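A.B. asks: Got chain A sorted already, so can you dock chain B onto it with the hints?
Protein chains: 2
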Amino acid sequence: MERERQAVARNRKVVLRGYIDRAPREEDMELVDGGAVELRVPEGGGGPAVLVKNLYLSCDPYMRGRMRDFRNSYIPPFKPGSPIEGFGVGRVVDSTHPGFSAGDVVSGMTGWEDYSLITKPEQLRKIQQSDIPLSYHLGLLGMPGFTAYVGFYEICSPKKGEFVFVSAASGAVGQIVGQLAKLHGCYVVGSAGTDQKVELLKEKFGFDAAFNYKEEPDLTAALKRHFPEGIDIYFENVGGPMLDAVLLNMRVHGRIAVCGMVSQHGVTAPAGIHNLFSLISKRIEMKGFIQSDYVHLFPQFVDDITRHYRDGKIVYVEDMSVGLESGPASFVGLFSGKNVGKQVVCVSRD
Amino acid sequence: MERERQAVARNRKVVLRGYIDRAPREEDMELVDGGAVELRVPEGGGGPAVLVKNLYLSCDPYMRGRMRDFRNSYIPPFKPGSPIEGFGVGRVVDSTHPGFSAGDVVSGMTGWEDYSLITKPEQLRKIQQSDIPLSYHLGLLGMPGFTAYVGFYEICSPKKGEFVFVSAASGAVGQIVGQLAKLHGCYVVGSAGTDQKVELLKEKFGFDAAFNYKEEPDLTAALKRHFPEGIDIYFENVGGPMLDAVLLNMRVHGRIAVCGMVSQHGVTAPAGIHNLFSLISKRIEMKGFIQSDYVHLFPQFVDDITRHYRDGKIVYVEDMSVGLESGPASFVGLFSGKNVGKQVVCVSRD
Chain A
1 MERERQAVAR
11 NRKVVLRGYI
21 DRAPREEDME
31 LVDGGAVELR
41 VPEGGGGPAV
51 LVKNLYLSCD
61 PYMRGRMRDF
71 RNSYIPPFKP
81 GSPIEGFGVG
91 RVVDSTHPGF
101 SAGDVVSGMT
111 GWEDYSLITK
121 PEQLRKIQQS
131 DIPLSYHLGL
141 LGMPGFTAYV
151 GFYEICSPKK
161 GEFVFVSAAS
171 GAVGQIVGQL
181 AKLHGCYVVG
191 SAGTDQKVEL
201 LKEKFGFDAA
211 FNYKEEPDLT
221 AALKRHFPEG
231 IDIYFENVGG
241 PMLDAVLLNM
251 RVHGRIAVCG
261 MVSQHGVTAP
271 AGIHNLFSLI
281 SKRIEMKGFI
291 QSDYVHLFPQ
301 FVDDITRHYR
311 DGKIVYVEDM
321 SVGLESGPAS
331 FVGLFSGKNV
341 GKQVVCVSRD
Chain B
1 MERERQAVAR
11 NRKVVLRGYI
21 DRAPREEDME
31 LVDGGAVELR
41 VPEGGGGPAV
51 LVKNLYLSCD
61 PYMRGRMRDF
71 RNSYIPPFKP
81 GSPIEGFGVG
91 RVVDSTHPGF
101 SAGDVVSGMT
111 GWEDYSLITK
121 PEQLRKIQQS
131 DIPLSYHLGL
141 LGMPGFTAYV
151 GFYEICSPKK
161 GEFVFVSAAS
171 GAVGQIVGQL
181 AKLHGCYVVG
191 SAGTDQKVEL
201 LKEKFGFDAA
211 FNYKEEPDLT
221 AALKRHFPEG
231 IDIYFENVGG
241 PMLDAVLLNM
251 RVHGRIAVCG
261 MVSQHGVTAP
271 AGIHNLFSLI
281 SKRIEMKGFI
291 QSDYVHLFPQ
301 FVDDITRHYR
311 DGKIVYVEDM
321 SVGLESGPAS
331 FVGLFSGKNV
341 GKQVVCVSRD
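Chains as they are written, first to last, in the UniProt record's numbering: chain A, 1 to 350; chain B, 1 to 350.
Extracted from the complex, chain A is given alone in its bound form (with noise of 0.2 angstroms):
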């Protein structure tokens, strides 16, 4: 019975160990075997579901939250013995839901596992394929290039000539951030971690300027000498003494995008902010924001994004990983900036 020995597949999963209060380490994760998966969506379940064959996962600060026991958060906590689950782009195997089909490509958030039975099949976005990489709908077209579009175009509101700093500049977000301020006719200076990434910066995202933070003794100096007359807007991927320093430089009537805090994840008792009373001298606008909340706008930012790469206005820049079991030390990498752009994992390549 060919069909029938085809349809059985071995399933690996990565899993939490167990809730931390740190930053993420390789070993609070482990690669199991699932044991074996029938290649399709069993019956009598509770509604129709999709099983998707993962190709590409996204590593994103973001679920380090999930990581911790707190259920106080816009989104609930992994649970221990569980697959890790983020953001993916698979192939679906098979479906009981009318609006997707075996060979479908799709985005959404799936398991970190060969397999993973969506039973929310709803939230999956369905793929056209094209001359765009599958996983930069992890990055580009995915979470993070929205992250960027919604965090510059709604929250920075930003004008012409301004001059714009963005943190984690070579970052998921920030390397779309920085391209679109360039688009939209601002001065923008990143900072990153490595001369390698200041470099891209520089070279390959066109940021009028760049420098890495950790060879600067003085971040407020660091600024004042490339933001001589200040600072319009902050996109913040950082927090800590970053924050700090960029309080001190910013023009009257700046505006922060809040987007992470990607220095403060590891750590149980966060720096201390203390140049806040600039908000007022400055009449400062400093704001979170979740992507989630501009869902209305995503066609538009697709639309968008899409016809800037065409066109070569924007280009992107992965780090990819080779192997679910690649997975947890690529996570853990984003902590310590050891990905150069946007971290993806590649499962499958088909």
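It is worth saying that the hints were derived from the structure and are not from the lab.
Remember, it's a predicted structure, so these values are computed and weren't measured experimentally.
Warning: the hint list may mix true and false statements.
Pairs count within a copy or across copies, as identical chains cannot be separated in the list.
What the hints assert, rightly or not - List time: in silico SDA-like cross-link candidates among lysine to any residue, alpha-carbon distance up to 25 angstroms:
#, residue 1, residue 2
1, Lys159, Ala9
2, Lys159, Asp293
3, Lys159, Arg283
4, Lys214, Lys313
5, Lys224, Asp69
6, Lys120, Ser281
7, Lys79, Phe277
8, Lys160, Arg225
9, Lys160, Val252
10, Lys224, Ser73
11, Lys159, Tyr74
12, Lys159, Tyr294
13, Lys204, His308
C.D. replies: Chain B only, in chain A's frame:
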């Protein structure tokens, strides 16, 4: 020559002795005899000017910023050896400006002295005397009232039924914010530093609840108790640990109007704020503001507040000390919360 004898008066001044880097103390200021002053605008000056007899002087926390040798603020520092400057209400003694005549009552920036020569009379506002006490033009109908008005309506975007928290709630600004929020249909809680002030908030200003922050070992728990569903709007007057506690108690899409951080005025190294990550998870907007950016709303403010006051819908409490010599102690008292209500100094009643 009766007329000439009357046209000279003794002028006392409160001068700043030198710049400071800590909370102000009485001895940082000095009452000096400024000698005799001719009671008319000197001839040959640079342009039209107004000589006023100061009646009431305002003590405001922002003035502490002018005691530092720091020129990068929205307002320049005081000059050591020269009188303290601040808002005041005075009576015009002589004027070479066509808009003002002897006998007019005016409010505006003046000096801490018996008589001030105002060389920029265009910044003065003429006061129509009425049933409203003259000193209220330094509070309810002056800069603090206007700060409360623009801060609440323009920065907080309040909606009926929302949960509002005001710190330093019995102060010059806080008491008005709380009453405006009640008029807007919000649920309002205030914090203050003595039981007497807490009583005032509940009994006089009609706050729904109030607490003495000095008697709360855990501010986060205190706010949780008063706002089991969280805070929609925080009107920030104090900074420091209260802000950190508020950040943990905000609701999704909450707003923080940053008006002042009086707890931080005295310290060279301000307390660190550790919970800014909440800005992201709760999508909070935190915005600093200065009332002078909204002068176009001043006439509407005066109309609205005057009507509310006459209708008995807003009350105002001020703490008046008597005599120019009482100025330094009254000002210094702001930073330890000695004042009950808006602090003013009565230099002369007529």
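A.B. asks: All hints are to be evaluated individually against the structure, with a verdict given for each.
C.D. replies: Going through the hints against the structure:
no., hint, in the structure
1, Lys159 <-> Ala9, "neither (54 angstroms within a copy, 56 angstroms between copies)"
2, Lys159 <-> Asp293, "both (23 angstroms within a copy, 20 angstroms between copies)"
3, Lys159 <-> Arg283, "both (17 angstroms within a copy, 23 angstroms between copies)"
4, Lys214 <-> Lys313, "neither (30 angstroms within a copy, 57 angstroms between copies)"
5, Lys224 <-> Asp69, "between (40 angstroms within a copy, 20 angstroms between copies)"
6, Lys120 <-> Ser281, "between (48 angstroms within a copy, 23 angstroms between copies)"
7, Lys79 <-> Phe277, "between (40 angstroms within a copy, 23 angstroms between copies)"
8, Lys160 <-> Arg225, "within (21 angstroms within a copy, 47 angstroms between copies)"
9, Lys160 <-> Val252, "within (16 angstroms within a copy, 31 angstroms between copies)"
10, Lys224 <-> Ser73, "between (36 angstroms within a copy, 16 angstroms between copies)"
11, Lys159 <-> Tyr74, "between (31 angstroms within a copy, 23 angstroms between copies)"
12, Lys159 <-> Tyr294, "both (21 angstroms within a copy, 21 angstroms between copies)"
13, Lys204 <-> His308, "within (15 angstroms within a copy, 60 angstroms between copies)"
Of the numbered hints stated above, those contradicted by the structure are hints 1 and 4, listed in ascending order.
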